[in-house]
Amino acid sequence: DAGITQSPRHKVTETGTPVTLRCHQTENHRYMYWYRQDPGHGLRLIHYSYGVKDTDKGEVSDGYSVSRSKTEDFLLTLESATSSQTSVYFCAILRDREYEQYFGPGTRLTVT
Amino acid sequence: QQQVKQSPQSLIVQKGGISIINCAYENTAFDYFPWYQQFPGKGPALLIAIRPDVSEKKEGRFTISFNKSAKQFSLHIMDSQPGDSATYFCAASTDSWGKLQFGAGTQVVVTP
Chain A
1 DAGITQSPRH KVTETGTPVT LRCHQTENHR YMYWYRQDPG HGLRLIHYSY GVKDTDKGEV
61 SDGYSVSRSK TEDFLLTLES ATSSQTSVYF CAILRDREYE QYFGPGTRLT VT
Chain B
1 QQQVKQSPQS LIVQKGGISI INCAYENTAF DYFPWYQQFP GKGPALLIAI RPDVSEKKEG
61 RFTISFNKSA KQFSLHIMDS QPGDSATYFC AASTDSWGKL QFGAGTQVVV TP
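So the sequences go chain by chain: A and B. Under our numbering, the first residue of the first sequence carries the number 1, and numbering increases by one thereafter. Under our numbering, the first residue of the second sequence carries the number 1, and numbering increases by one thereafter.
Derived from the structure by calculation, the hints contain no laboratory data. No false leads were mixed into what you were given.
Part of the chain A face toward chain B, derived, beta carbon under 10 angstroms:
(1) PHE90
(2) ALA92
(3) GLN101
(4) PRO105
Straight-line distance between alpha carbons at most 20 angstroms, and here's what the computed SDA-like set of lysine to any residue pairs gives:
(5) B/LYS5 to A/HIS41
(6) B/LYS42 to A/GLY3
(7) B/LYS99 to A/VAL88
(8) B/LYS99 to A/GLN25
(9) B/LYS42 to A/PRO8
(10) A/LYS53 to A/GLN25
(11) A/LYS57 to B/LYS99
(12) B/LYS99 to A/ASN28
Glycine included, each C-beta is placed from N, C-alpha and C at the ideal position.
Please model the complete structure; the sequences and the hints are all you need to start from.
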């Protein structure tokens, strides 16, 4: 447990609606990540952040945006959810000294 | 295109046996190779990791073998136990940003 919480843990939403997922950490780490997990693909990086207001795209960033206004919070937004964004979303932090990445409990998102 | 290829997709092993999961990569710039264990409904948990300057790393019943020339690395679970039944992911990263490329995962079932 690296002090990471994600909210909500489960969400069902309709196509076309905006959705925001929240990741909160208590250990003040600089690097935070959003991944999505789909069968047959493992986990794929959506966006990451290397500090407050500093973010960059990962390999599957289309349709997603992020924001980080405080060190402890990293938000993932689906501006207009599509069925292809049905997935389990994981947030992660990097413990700099150890170069080890730790994951939160995940959010299961279903877009109908 | 998956940069880290993992096999097999699934594995059944008897209690006390050895589980072996293999991963191959193409990008020679990768310099950090972690393995994650994931139980249903949970986030991936870091199990063990290796860097290319060593060929083997052991932690308890878990061993990573690394073959730099073949661009392959593997996880060996010795004396497999039913509690080891989980999905295992290999991963690799290439830079200080910590962005991980994951394999597709291997579901391991240990029978009593």
